[in-house]
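Number of protein chains: 2
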Amino acid sequence: MSEQIFTLMEQKEYNEARKRVVEMNAVDIAEILEELDIEDGIILFRMLPKDLSVEVFSYLSNEHQKSIINVITDKEIQHIMEKMFFDDMIDLLEEMPANIVKKILKHTKEEERKLINQFLNYPANSAGSLMTIEYVGLKKEMTVKQAMEYIKTIAIDRETIYTCYVMNESRKLEGIVSLRKLVISDETKTISEIMTKDVIYVHTHDDREDIARVFRKYNFMALPVVDKEDRLIGIITVDDIINVIDQENTEDFQRMAAMEPSDEEYLDTSIFTLAKKRVGWLLFLMISAIFTGNIIQHFENMLQTVVVLTAFMPMLMGTGGNAGSQVSTLVIRGMALGEIELKDILKVIWKELRVSIIVGAILSSINFVRIVYFEKFDIKIGLVVCITLFFVVILAKIIGGTLPIIAKLFRVDPAIMASPLISTFIDALSLFVYFSLASMILGIG
Amino acid sequence: MSEQIFTLMEQKEYNEARKRVVEMNAVDIAEILEELDIEDGIILFRMLPKDLSVEVFSYLSNEHQKSIINVITDKEIQHIMEKMFFDDMIDLLEEMPANIVKKILKHTKEEERKLINQFLNYPANSAGSLMTIEYVGLKKEMTVKQAMEYIKTIAIDRETIYTCYVMNESRKLEGIVSLRKLVISDETKTISEIMTKDVIYVHTHDDREDIARVFRKYNFMALPVVDKEDRLIGIITVDDIINVIDQENTEDFQRMAAMEPSDEEYLDTSIFTLAKKRVGWLLFLMISAIFTGNIIQHFENMLQTVVVLTAFMPMLMGTGGNAGSQVSTLVIRGMALGEIELKDILKVIWKELRVSIIVGAILSSINFVRIVYFEKFDIKIGLVVCITLFFVVILAKIIGGTLPIIAKLFRVDPAIMASPLISTFIDALSLFVYFSLASMILGIG
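As you go down the protein sequences, you meet chains D and S in turn.
In this note's numbering, each number is its position in the first sequence, counted from 1, plus 806.
In this note's numbering, each number is its position in the second sequence, counted from 1, plus 806.
With the rest of the complex left out, here is chain D:
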């Protein structure tokens, strides 16, 4: 499909290209525009019917939006701004350089400019930064028939008409009514008779992660956002929440791999930004590993006497780190989904104590057989390695399970207590246990 359009544009068969394109979904048209070279993209964009062009515009990447705004006329910009949904416009303004923002705002009315500024000031990641103002507001006294007629006149400009919000004179939220309920209800009933009064809502400053949890729990299509005085300010729709969930997960993945989080797509990120996001944590972990080196230096004499002890170090450190990361990952994820809370810390410890005894026993015995029977090492060496392994697994699992919860207690993102930090910590701990046991059992040190 898109290949045909490319060919048509190349052959300058613009009318034919246009005819094909207008039949397509706006998301697909946006994709085609992004793949065309910039001149052809703008030609095709300008040929779209006005309303479709606004929709397509809202699906373009920031880069492409910028280049289109730079070449189209002020009148065209004005039209796009007027027709775009408010939340998309705010997202656009947040990403654009100052000169383009100025160009855009030139064309908005005083009153709207005020509202835009209010929205731009909501904290990033808050309900305020996610919501849009294009909802359907109804009054309690309306009949179903009146409501349906009203909706018919405004539907085209509303982000959703499937949930309608009932407010009193001071814009306080009193109830909600779904379009489904309106469709099946008797036309003479009033809104107050059919509306749901037990409304679930969020506040403008609530965190987007909490909002995602509300959507998960109730399977909503849209969620109303109110201010401190319970006045309805906007709504958040479910499609934006899927974005939020993706972004929150990406952030967790990045933090858990010891990087500063970034929303940019990997292939679009410059190498300097990538390096910057990574080097800080690598440096911190590298310096922490020096501590582990110090432990080794402290036991230098022992290692010189029984140099074979060195050969088991990677296995002990690696297994400890992996055992700890398994738990910390489960706990971090459980907390992100709201399944594990601070009060569960003792439950986690008790669970991990038992799991780690099972896992530690299995790994140690297999290892013992290998070291003593297959590789014919001294039984004492086998004991040192396997007792260490057993305790390291237990310590690793309990540390891995508790550190993320403790982090949350101190309002630090639990995601940083993942593999890299846990492993570095357990590296030091496992060598300390190893050398201490060695000096006891082998009688050196």
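One thing to keep in mind: the hints can contain errors.
It does not matter which identical chain is used: a pair holds within one copy or between any two.
[What the hints assert, rightly or not] Here are the computed lysine-lysine pairs in the BS3-like style, where the Cα-Cα straight-line distance is at most 30 Å:
no. : residue 1 : residue 2
1   : K881      : K958
2   : K958      : K995
3   : K920      : K1034
4   : K1083     : K945
5   : K958      : K915
6   : K889      : K978
7   : K818      : K872
8   : K889      : K912
9   : K856      : K1023
10  : K951      : K978
11  : K915      : K889
12  : K825      : K945
13  : K951      : K889
14  : K995      : K856
15  : K987      : K1186
16  : K958      : K946
17  : K881      : K987
18  : K995      : K951
19  : K1023     : K872
20  : K946      : K978
21  : K920      : K958
22  : K1153     : K1083
23  : K1082     : K1214
24  : K915      : K872
25  : K1023     : K1083
FYI, nobody ran anything at the bench for these hints, they're computed from the structure.
Given the structure is predicted, the values throughout are model-derived calculations rather than measurements.
Since the structure of chain D is provided, determine the placement of chain S on it from the hints.
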């Protein structure tokens, strides 16, 4: 709110409890039922109005659904089965033990039993296993007015009425029309005049991860599912997709931390299941680490001569592992979101080569200053450690970036190429580079 209900139930003020509960959201009622003890829960459940009770039932956990089915009458079961949405019923049947499934199926008609069996046979994680059959089907010839009247009569039993599906006589999907479009269109227009013909759909056997990507891309509320002959079989709604996204992410987190994935909540999982999901990978990684141990044994003489080399091993292995995991995490995530594809492998290598030179240079120089100027080690030792570090970072980043893509090429889940496997691999590699450089620069070995 829920505390009041608990107190009322305790005081056996059932009528008052019922009065409060029926005003609440079905999700919240389900939560209260799960927190009550089982007898009170069943009392309260039976007092709910019939339709509400079905909705509440569908939000209960499997455990609670089971215990309710065990005590209610066959007639009550029948009512629940008839009123439940088809996808919820299938989920229920999939989770119930055979005797309960038998009890449930006893009450369904021959024809429905066939359909149930068809749905139970769709592969797990396929579109078929996610879809429901309660959609609104329209005919092309209908007028908007007829369509609205038809929707009014069936709306109550449909999972969504906001997207309607237009089919021909052989149930082939010909178009879709949103309720919004119906509401704003002239009543005398026909469906074929207002429907969208460029319908995006999926097939019954498509994978749920791909379906999530379609929802992400197009911001749909619902997506039609067709069979091989393009006949409409069912629809998938966006609320189920949020579940899919959560589950897919949880699986990725688990695989990336070297565990077999599980859908069960951590606190609900038995210690034996937890141990089983973890021990296999730990064992595999432990055995792989023996290889690293062998490298050390091979260079035993060198370590005995310059025992201080041992002290830098944890730092080199740790930094290499961390540097590699950072990239592999970004690439795994990028592939899961569809941002990075197989064909991007050279782009990734080229990007990582440059990033790793920057990062490697920074880390090595800081380390060199520390080792030679602060800790007063021989400059040759400093050189061995820092040149190793520089190359290990480069190798780690390139390996971390390519292994997940190569895994995908061989149809292995890229998520297993995360921190644990990458670190184990890079441990061996970094020691090999380290000792080789040491024997060259220090002239021993």
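Hint numbers not upheld by this structure, sorted from lowest to highest: The structure conflicts with hints 4 and 15, although it agrees with all the remaining ones.
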